[in-house]
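Engineer: Line by line, the protein sequences are chains A, B, C and D. Convert by adding 8 to the 1-based position in the first sequence; the result is the number in the numbering used here. Convert by adding 8 to the 1-based position in the second sequence; the result is the number in the numbering used here. Convert by adding 8 to the 1-based position in the third sequence; the result is the number in the numbering used here. Convert by adding 8 to the 1-based position in the fourth sequence; the result is the number in the numbering used here.
Read the hints as simulated data drawn from the structure, not as lab findings. Hints are supplied without guarantee of correctness; some may be wrong.
When chains are identical, the list treats them as one kind, so a pair holds in a single copy or across two.
[Said to hold, decoys possible] Here are the simulated lysine to aspartate or glutamate pairs, EDC-like style, with alpha carbons at most 20 Å apart:
no., residue 1, residue 2
1, K132, E324
2, K171, E334
3, K343, E26
4, K227, D99
5, K57, D193
Residue-level listing of the chains:
Number of protein chains: 4
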Amino acid sequence: MKNRRGFASDNNSGIHPEIMLALNNANKGHAIAYGNDDDTGRAVNAIRKHFGDCEVFFVFTGTGANVLGIKAVTNSYNSIICADTAHINIDECGAPEKFTGCKIITLETPDGKITPQMVTKQLKGFGFEHHAQPKVISISQSTELGTVYKPDEIKNLADIAHKNNMFLHMDGARLANAAVSLGTDMKTISADAGVDILSFGGTKNGLLFAESVIFFNNKLAGDFKYIRKQGMQLASKMRFISSQFEAYLNDNLWKKNAAHANRMAQLLYKEVSGIEWVKVTQKVESNGVFAIIPKEIIPLLQKEYFFYVWDEDKSEARWMTSFDTEEEDIYGFVKHLKKAL
Amino acid sequence: MKNRRGFASDNNSGIHPEIMLALNNANKGHAIAYGNDDDTGRAVNAIRKHFGDCEVFFVFTGTGANVLGIKAVTNSYNSIICADTAHINIDECGAPEKFTGCKIITLETPDGKITPQMVTKQLKGFGFEHHAQPKVISISQSTELGTVYKPDEIKNLADIAHKNNMFLHMDGARLANAAVSLGTDMKTISADAGVDILSFGGTKNGLLFAESVIFFNNKLAGDFKYIRKQGMQLASKMRFISSQFEAYLNDNLWKKNAAHANRMAQLLYKEVSGIEWVKVTQKVESNGVFAIIPKEIIPLLQKEYFFYVWDEDKSEARWMTSFDTEEEDIYGFVKHLKKAL
Amino acid sequence: MKNRRGFASDNNSGIHPEIMLALNNANKGHAIAYGNDDDTGRAVNAIRKHFGDCEVFFVFTGTGANVLGIKAVTNSYNSIICADTAHINIDECGAPEKFTGCKIITLETPDGKITPQMVTKQLKGFGFEHHAQPKVISISQSTELGTVYKPDEIKNLADIAHKNNMFLHMDGARLANAAVSLGTDMKTISADAGVDILSFGGTKNGLLFAESVIFFNNKLAGDFKYIRKQGMQLASKMRFISSQFEAYLNDNLWKKNAAHANRMAQLLYKEVSGIEWVKVTQKVESNGVFAIIPKEIIPLLQKEYFFYVWDEDKSEARWMTSFDTEEEDIYGFVKHLKKAL
Amino acid sequence: MKNRRGFASDNNSGIHPEIMLALNNANKGHAIAYGNDDDTGRAVNAIRKHFGDCEVFFVFTGTGANVLGIKAVTNSYNSIICADTAHINIDECGAPEKFTGCKIITLETPDGKITPQMVTKQLKGFGFEHHAQPKVISISQSTELGTVYKPDEIKNLADIAHKNNMFLHMDGARLANAAVSLGTDMKTISADAGVDILSFGGTKNGLLFAESVIFFNNKLAGDFKYIRKQGMQLASKMRFISSQFEAYLNDNLWKKNAAHANRMAQLLYKEVSGIEWVKVTQKVESNGVFAIIPKEIIPLLQKEYFFYVWDEDKSEARWMTSFDTEEEDIYGFVKHLKKAL
């Protein structure tokens, strides 16, 4: 069972072979540390080819990208508005509060997506010194529930942000999956939709410790290099992050991997959706399937194909597919599931 | 000139071939994220084989290891005593202050090594609420000036720390080089010498984003997993750090690499020490050579073999050797140097 | 209209004459600064007479008391659970997040009081490093909505806290009003009900910059003196806070003032409760009355008797009474209100 | 011996009678909390009359004024340069590091005064991301050693700060004493000398919990109200700070008090300077006298007239005079001192 592919998370998968090749290729001689190397220059250009004019900083983790990106545009007396399911709210052990000093204001959502109506209710107390001042709206694309914001939905949130002198941050740990799902490029749902700061991730789509913070308004990036260093996210051997991004973007590996993972989620969805006792709870729009299943079969299933329970009370499972999920994994799992039922 | 080996830093070198092999080998199927995987279990065992009973946590960077390790044993009203040349003082952009809230008290030293006499002067104000309470003595082994603490020197500092209800932290980004220099194992100059928290590094000796925090008093490690996560240093694909440490430790690669780098520094030292206009300023005890050279030749030299100026005022250069430095690099550089003079 | 009494807040009132007398009396010669003076010793004893064995620290503000008290029992990776109406959540500009690093988890309540059921839903993720670890339940007594927890309701929350290795913090900026309302002493609803850390306030009941942090478990207070100093809440001329608390407690001024303020709230409640177009929204259990009134009359009323609108959307006003509110204020206001309607 | 005047600190004294009168006068009816009251308006005007155009914020403590004022102009990756004797360095329990996240860089001085030469050595690493970026030069006027900067000395430091895109902060807890000592007004040695942020104190010169942060460049004050609230330094009953400052400034009470304290220090200096075994160590330029005396007589002296030992190793005493020190205190103390010798 060792190293068997399951549905626990897209970060349980390893490194895509083309990325591993890039790592091997980058391993030549010496290079100036901390990002003043040629690989990094090329990687930044590759990102600009996809996203347009922007400032790019590589970091190690998605949490690092989110926290430092938000720190760049906030002061400690600000607040951040996001869905209560947001990674920054429930999966980062309070790193945003600790590092930025800001308050997080959470919005309850049925599907992980926040709406202008929800946000507007929290836009109060501007200028009132007792109230943490709202400064960032943060959304995840695709969301932690596998759903995807449409470009207009993002634009509307960006408009609200900008009208209120705030910024729109996007946690794009799975941006590739969202773009593929919508049939757009990545720029359409970030820069073009009014996003100001993007956490653009690679780790969940076949890369190794390779995440980035992208500022579409270059002025916001002015002091980010200090924030990154003070935030313990500056890599000395930077070329080994950069070279991954170059490989990820130059031949559309990002798209290939995300498309595959999404397809596997659709297949899984199709296979389970007819089964009695299995109730899919969220639209399957990227690479995750959420479903309520009988509590007693969960340990049985997990033994063969590991996954996490998303909501213990509701007995809701989360099944994530990955760039390396194979059709046989889906069929094997569903067979197992049916048998268990 | 691209990727030419120079003397800028041991982190300008790439990944040692055996480490790269380990990365390739670890890249099989899925593994539970965040450290509950087999590779990590084995790597922790490998570390315990070298250091004895301890708690081990892998992180990405040396700054991360230092800051989080110190955070584990301090409260914000504490102070940290170290050499003014310490990495935590001058090379981490204030990360220790920001993340721990602590004050750093610096000691001027001729050689990067602090002494009991120096420390004792700062051990005051205990119990006095206006004074940040001293809690950590932090030393670098080997130091940022290439010098090495002898086991007894470490023990004496540990004794002072423990007598005052404080802890001894060691920045061991180059611990391997120090051990080789002293002809000891690594335990002798850390656990056995009274060190409480060790930042044990791999990056500067052939690894990729592979550092660790080691607690020799297991009680200190109790909540460290939260500190690491909140400190944005928890790797999802942990096995790719762990597998490096396994490869690094199991066949004494750590020793081989450090011995080679130290040898190259000795060679460089030998070659330059007779030259007029070159004044070596520090004992060459690990893998760095510090020397005052005429200011006007520096740019010339840097064009061929890049290195950093340590002290502009004194025109003091720092030449670091690495696991992949070759004898021809030394001879080539010295030839160049002589010509420039 | 200058200095006219209104219903804006109990901190719009000044200093009670007996407290002012105490300030004048304390103003004799020199006294050791920072709390090692006789006045402070007596004040601490006065508090112990009321609350039993405890450790006491005086501070300037209620925000200071709340934030520093919570800091004493948390690490930055912890979370704090409270009502979304809690002062620590909406009235402190993010000071708790900034100074403690903790996440605040808010509970929606109809009346400002949280229940075991609400809290229990948030007690999850213990031991899971991605999740900020719940450490404090914080309640306000009386609440920001003028309601009051019964002793058993507090005990039940304390039990939940202690069963989960957490602490119960009470924001007692208006503790006196709650005790009077319940007909108990203050110990019954704090120390005896399982509260671990109490912010015991005086400012809202006739004192000047006089608040305190009380630890009922003395072990929790061990390092608080450093936290207070680092938190910028250590008064040099401490005797002028202490002497107020002595005067406040020794002749039951706390009770007299709170009883009066509560009585005035009851009178106001009685006078408005029959009026058409006025809908009182919360039980009047301490010194505040909340009522929905027609939006258009609000500015008219405010001109004569200033008060704040609690909820703009609902047109809900908050009327606070104080130790110095007089019956004529109530009658005058109600007359005015009726006329405006 | 109770409440006997000694030489421990100018904050061991109480409240000046005129200030107490102002407190009593301010205690009339209700006033809008948090500073939107008439007293505060008048106090700000009084300050502007003395200092010219500026933004003024009242706070409780000198530590609060220093920390929050510096926070207003820094980001966490900045550093602050000051004398190692500075209050922000040794007397605030690390509050500046904790609240601003900045590194403090200390300069050794013979007399508590830093010079352009000393500062310039630390102005390095601009633009280098590994280095905390210098942003503030902070000086104390008068210094913690009782010495005073001349206007030109301040201007020179301001010039260096401004040339390097930095700010000059002045800890003016004893600004009045310095102005009197120099025979200038307070503006000459703050606003006119290039100071950007002034901590203007009253507590050490007869006020009660009354300090302020003054910005001479109004742009720097933009968000300070949030910083003050989040920093737990916003007073609800603000009028009781404001009214003190009004009384302090309108009839030159500041000057009268400071002149008296300075005079008492001169008298003390004159009386002790001829005595064998007493070696005055610092110029007596404000209200403190520093002197080395035989260690064994210290406890004897302290029993009658309490004071602190500044430097245990050197047996150096610090004797502070205050607005309420009387000639008989000096003569009595000196008599006692001679007897002890």
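Engineer: Against the structure shown, which of the earlier numbered hints fail to hold, in ascending order?
Structural biologist: Hints 2, 3 and 4 are the ones this structure does not satisfy, whereas the remaining hints hold.
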